[in-house]
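J.: Listed below, chain by chain, are the residues.
There are 2 protein chains.
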Amino acid sequence: MKSKDNFKIPVSNKSAGINDAFWGRYIDLVKNVVIPYQWDALNDRIPDAEPSHVIENFKIAAGLSQGEFYGIVFRDSDLAKWLEAVGFSLAVNPDAELEKRADEVIDIIAKAQQDDGYLNTYFTIKEPDNKWTNLRDCHELYCAGHMMEAAVAYFEATGKRKLLDVMCKFADLIDTVFGTGPDKKKGYPGHEEIELALVKLYRVTGEKKYLDLSKYFIDERGKAPNYFIKEAETRGEKADKADKVWGNLGSRYCQAHLPVREQTKAEGHSVRAVYLYSGMADVALETGDQTLIEACKKLWRNIVSKRMYITGGIGSTSFGESFTFDYDLPNNTIYAETCASIGLVFFAHRMLQMDVNNIYSDIMEKALYNSVISGISLDGKKFFYVNPLEVWPEASEKSKINEHVKVTRQSWFGCACCPPNISRLLASIGQYIYSTHKDEIYTHLYINGETEINVSESKVKIKQETRYPWDEKVKISVSLNEGKEFSLLLRIPGWCDNAKVYINREEINISNTRVNGYAKLKRIWRNGDVVELVLPMVIQRIKAHPNVRVNIGKVALQRGPVVYCLEEIDNGPNLHEIVLPRKSELKAEFDDNLLGGLTVINAEAQRYNSSWEKDELYKAEVESQYRPVTVRFIPYYSWANRTTGEMMVWITER
Amino acid sequence: MKSKDNFKIPVSNKSAGINDAFWGRYIDLVKNVVIPYQWDALNDRIPDAEPSHVIENFKIAAGLSQGEFYGIVFRDSDLAKWLEAVGFSLAVNPDAELEKRADEVIDIIAKAQQDDGYLNTYFTIKEPDNKWTNLRDCHELYCAGHMMEAAVAYFEATGKRKLLDVMCKFADLIDTVFGTGPDKKKGYPGHEEIELALVKLYRVTGEKKYLDLSKYFIDERGKAPNYFIKEAETRGEKADKADKVWGNLGSRYCQAHLPVREQTKAEGHSVRAVYLYSGMADVALETGDQTLIEACKKLWRNIVSKRMYITGGIGSTSFGESFTFDYDLPNNTIYAETCASIGLVFFAHRMLQMDVNNIYSDIMEKALYNSVISGISLDGKKFFYVNPLEVWPEASEKSKINEHVKVTRQSWFGCACCPPNISRLLASIGQYIYSTHKDEIYTHLYINGETEINVSESKVKIKQETRYPWDEKVKISVSLNEGKEFSLLLRIPGWCDNAKVYINREEINISNTRVNGYAKLKRIWRNGDVVELVLPMVIQRIKAHPNVRVNIGKVALQRGPVVYCLEEIDNGPNLHEIVLPRKSELKAEFDDNLLGGLTVINAEAQRYNSSWEKDELYKAEVESQYRPVTVRFIPYYSWANRTTGEMMVWITER
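These protein sequence lines are chains H and F, in that order. When we follow the working numbering, the leftmost residue of the first sequence carries the number 5, and every step to the right adds one. When we follow the working numbering, the leftmost residue of the second sequence carries the number 5, and every step to the right adds one.
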């Protein structure tokens with residue numbers, strides 16, 4: 005059996021029909037603020053931000069301007085991600101002016117392409133003779149991948165092929181450079197990305213060689229002898245240095261330490277890792293390659309059961325922006341790059357296409373509601389690269405091991421990967437809600453809106469009405485021309501203990517119909533049928549596995565999919581002095597006026613209150629004393645939107 | 005009034021007459037194992053250790069051998085510290101063979117000295133034209149200082165002047181190079197050390213210009229414009245880089261960010277800091293400079309009340325091996341270099357010469373019994389550079405922020421500052437026990453032995469009999485020719501709540517006679533008088549100031565001056581799961597057979613016992629459960645002497 009037959013096809017972003025208070029705000033923000041703001045950033049018009057120069061780089065490469073390449077070697081990808089976000093946004097919110105701007109920039113990109121199809125402004129301008137000589141560090145294939153994704157998104161939104169043709173031509177060139185043929189390089193990218201992009205290109209063009217090339221990059225990766233070491237030797241670098249470029253990580257940094265099918269633990273740079281795993285899952289889906297499917301499952305399990313923060317953040321250290329080892333999840337020296345959580349959403353989304361199971365969709369939801377959107381300020385203009393779970397501003401200022409943990413979001417970065425990555429994710433949130441397979445419709449996320457889905461050769465309208473994630477109720481109305489038997493599968497989140505489902509006001513016993521964490525409602529559906537889903541959002545005290553040393557004896561609060569935190573502005577300084585008694589009352593309350601409207605949690609807590617003299621550092625036989633205090637938790641994603649100060653997710657329980 | 009008149013003069017190492025089970029073992033170890041072992045190391049004869057090459061460097065500089073300089077720029081100081089240790093050891097344990105070996109090496113050193121007095125093998129061999137052009141990085145004055153200390157110690161032990169004359173000649177040269185004169189450099193050392201060494205040279209020779217030069221280096225330090233920046237510009241380095249050589253610390257790294265009298269917080273590289281403060285105190289003592297005395301007191305207070313580990317370790321981060329900020333005392337990313345604790349002992353010792361007060365001697369004792377001797381293995385052959393308070397071996401292996409925290413002591417280091425520093429400290433432990441001033445004898449440390457002290461122009465024999473730090477009793481017998489009135493001041497340690505003093509079996513009420521933490525016993529002493537001091541060693545549960553975030557809710561155990569820890573070999577892995585109930589029984593027990601004989605603490609504790617599935621990382625509403633366990637604490641200094649594993653000082657209290 006070909007795996008392809010089992011492929012659970014996501015409903016596209018374009019047809020998701022989101023009309024949601026929570027996500028709609030982000031989608032509008034992307035359209036009205038983030039895309040224009042980032043356009044200004046790409047054109048170096050943000051006064052207090054580092055210049056991007058990417059548009060200028062493309063103009064220089066296109067011969068439309070004079071000057072030098074400026075910026076980090078993968079600067080091209082910032083424009084690609086911006087264009088992809090534009091594509092996703094135009095798909096749901098047509099905007100002639102924005103489309104015109106995009107067309108103009110695509111014209112420049114097309115002019116920057118060389119006759120043979122090559123496209124990369126760094127090498128074209130700066131090192132034309134060194135193309136493909138440093139895959140390890142120079143991101144040519146990475147930038148190509150992002151531009152391919154942009155081309156596909158833009159084509160799907162507008163039907164315009166210009167960028168798609170440019171990128172097919174480049175993909176054709178890449179296919180002549182890399183592969184098994186005798187004159188071809190046996191290389192693969194230092195930063196994975198093109199693998200998943202080539203599968204997208206294959207799907208939209210039907211050109212099988214793109215899929216084959218993606219599979220080649222995946223199959224070749226990590227084989228001995230290591231390509232990057234040989235490549236470095238060819239460049240004249242010393243052999244003993246070649247594998248040490250990423251500190252103690254070696255080729256583990258870019259997941260090239262083992263053939264991918266032999267990898268069982270998520271290692272190295274976390275963004276690279278989840279991009280690779282997403283590409284692996286794509287190829288596995290298309291080819292039905294069981295060993296690749298198994299590798300994806302093992303890597304997924306390792307991440308979510310040993311190496312993931314409660315927010316869906318991944319990457320425990322700033323050194324190599326990487327994973328470290330099982331259960332090493334420090335809250336304050338954390339990395340948890342926004343891009344890595346976005347990549348985790350990509351990986352989850354692909355695993356869901358393989359197998360519908362809430363072990364994937366729960367994590368997708370967790371990342372989306374927490375560590376992805378914590379990366380962007382509520383006004384859409386500032387961004388976190390690193391998403392800590394505990395912040396002590398003085399440490400960020402004065403201690404090297406914390407200095408990557410910023411206490412305020414930044415307007416732009418020299419390495420600006422995260423801002424355009426968030427905007428393309430938010431602009432395409434629609435594609436994560438539903439998928440279908442034969443006579444089944446799966447609902448993964450609860451987001452207000454209306455979509456039309458083909459199931460068993462019929463069109464079915466599905467309308468969701470909900471105030472999720474603040475409210476426990478989701479009303480799903482089904483419209484169709486004539487009664488039709490199919491299954492509607494609703495995700496019952498892992499965090500929810502006592503979900504109830506009603507069809508036309510009659511309660512359904514879902515314990516019998518639960519499949520892989522989804523309530524399977526199989527029946528002849530008729531026009532006007534209404535499903536009501538109730539997902540009681542009790543405030544949960546979450547504990548971490550005791551092997552997570554820093555969290556032992558601590559709890560984090562979660563309500564629905566939303567993880568909470570304490571902020572200094574609400575609770576005063578020295579948040580670490582606050583303890584949460586085991587039985588204290590926790591009260592959720594929606595606050596319309598706070599941070600755009602959100603549910604806060606007020607709790608009866610205690611605060612350390614023993615008296616210490618100013619100059620006493622150590623003292624014997626001090627009885628720890630506590631005084632009662634009321635504390636306010638806010639959703640984690642909304643922190644650092646008022647003023648700078650301490651923040652803390654994991655609180656000592658008493 | 006000249007401060008000098010108040011100078012509390014330490015009784016010399018030579019006449020301390022130690023005969024102590026605890027420290028005698030270390031003194032013998034230094035003589036029998038460490039000095040010979042380090043001699044082999046200096047001669048590159050330790051098979052598994054990095055070569056030192058220092059003897060060879062001196063031979064090459066002396067024209068006795070051919071070859072290149074090898075090693076770190078301050079390699080000379082390793083030999084200097086070894087020679088100083090030899091001097092201290094010979095002072096208490098004459099050894100003709102060792103003295104002959106030292107004489108031979110001193111002959112080589114003398115030959116390596118250049119005609120003008122210059123002595124530094126790096127510059128002599130490698131950069132003869134660049135002397136004194138990079139004080140910031142190149143340690144010429146630092147190496148000179150260590151060799152001066154060696155010269156003084158060797159002279160005091162043997163009466164031989166050869167090395168002393170060599171170093172006076174070098175000091176005379178340095179005095180012509182640096183100072184206020186028109187042709188002199190306005191520089192000062194990048195690594196402080198020569199300041200305190202010049203005062204030693206002054207004291208032994210009476211040559212006042214050495215004191216003046218020391219004072220010059222101290223007064224000049226940190227004045228604007230910064231010397232190191234100007235010096236770097238002279239070398240052709242870019243101005244904006246010159247102050248950035250030590251990361252975000254700038255000239256703070258070497259305490260050159262402000263004139264020393266304006267410094268109020270211990271900043272930068274912690275060894276440099278305490279060496280500087282020791283030199284400042286020496287100059288203040290000799291000159292009576294009140295502003296310098298005040299600066300020393302402020303810096304002392306900042307260290308001990310805000311920036312010191314419970315073990316007497318200092319330096320919170322490996323970045324710059326430096327202090328960070330008040331109350332930032334992480335247990336597992338700690339630095340706490342052995343040399344820094346040794347320097348803290350030096351600083352305490354000088355403050356005690358200024359003012360007898362147990363705020364100094366308690367810390368001196370704390371560092372000696374904990375973070376100094378944790379730096380050396382019980383067999384004398386292996387050394388810690390970093391002295392952590394919490395070790396998770398997997399983190400040391402796999403996480404960059406912990407990789408400087410070694411789980412086993414190393415046989416030698418490329419930067420071998422700590423091993424010879426410990427040996428010179430241990431060999432000279434005698435000088436820290438007593439001091440005198442007019443008609444007062446102060447006893448700072450309780451160490452079995454017998455010494456003769458001049459007080460009020462009489463000779464008094466003081467004999468201490470004690471099994472300290474394991475036993476609470478100290479018997480002090482006084483012998484003298486005829487009855488004499490003087491005061492014997494006994495330190496009552498800050499950790500001791502209920503000390504008792506008996507003179508000739510009669511209890512003395514010491515609450516009336518306590519001066520600055522010392523029981524002042526003023527009387528006409530007669531031959532055969534016996535003082536019995538009882539310092540009840542209850543096991544104390546110590547807490548840290550609540551601003552020390554990582555220790556909130558935790559306790560450390562201390563008995564007498566000895567801080568305790570849990571080790572995996574006694575208590576199994578996952579030490580963080582152990583909690584200590586507030587009222588649990590703690591039992592001290594001397595174990596003759598363990599690690600050379602020491603007092604362990606057995607405690608009734610609890611261990612986290614909730615059940616978690618293998619793949620669960622986060623779980624709601626888990627009741628934390630505990631099972632009773634008996635745990636064994638060992639003295640902190642003795643950890644890592646059996647096998648590798650976890651170690652933990654601060655334990656969660658429940």
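Think of the hints as simulated: they come from the structure by calculation, not from any bench. Bear in mind that the values here come from a model prediction, so they are computed numbers and not experimental data. Any given hint could turn out to be false.
Note that identical chains are pooled: a pair holds if it fits in a single copy or bridges any two copies.
[Stated by the list, open to error] Cut-off 16 Å, straight-line C-alpha distance, at most; resulting in silico cross-link-like pairs (EDC-like, lysine to aspartate or glutamate):
(1) K558 to E657
(2) K477 to D32
(3) K189 to E627
(4) K386 to E54
(5) K386 to E625
(6) K269 to D619
(7) K618 to D330
(8) K587 to E625
J.: Evaluate each hint against the coordinates.
T.: Structure-based check of all given hints:
1. K558 to E657: both (5 Å within a copy, 13 Å between copies)
2. K477 to D32: For K477 and D32, neither the intra-copy (24 Å) nor the inter-copy (78 Å) Cα distance is at most 16 Å.
3. K189 to E627: neither (69 Å within a copy, 57 Å between copies)
4. K386 to E54: within (13 Å within a copy, 50 Å between copies)
5. K386 to E625: So K386 and E625 fail the 16 Å test inside a copy (47 Å) and across (35 Å) alike.
6. K269 to D619: Classified as between; 13 Å across copies, 47 Å inside a copy.
7. K618 to D330: Between. Shortest inter-copy distance 12 Å satisfies the 16 Å Cα cut-off; intra-copy 40 Å does not.
8. K587 to E625: between (27 Å within a copy, 11 Å between copies)
Against the hints set out earlier in the document, violations occur for numbers 2, 3 and 5.
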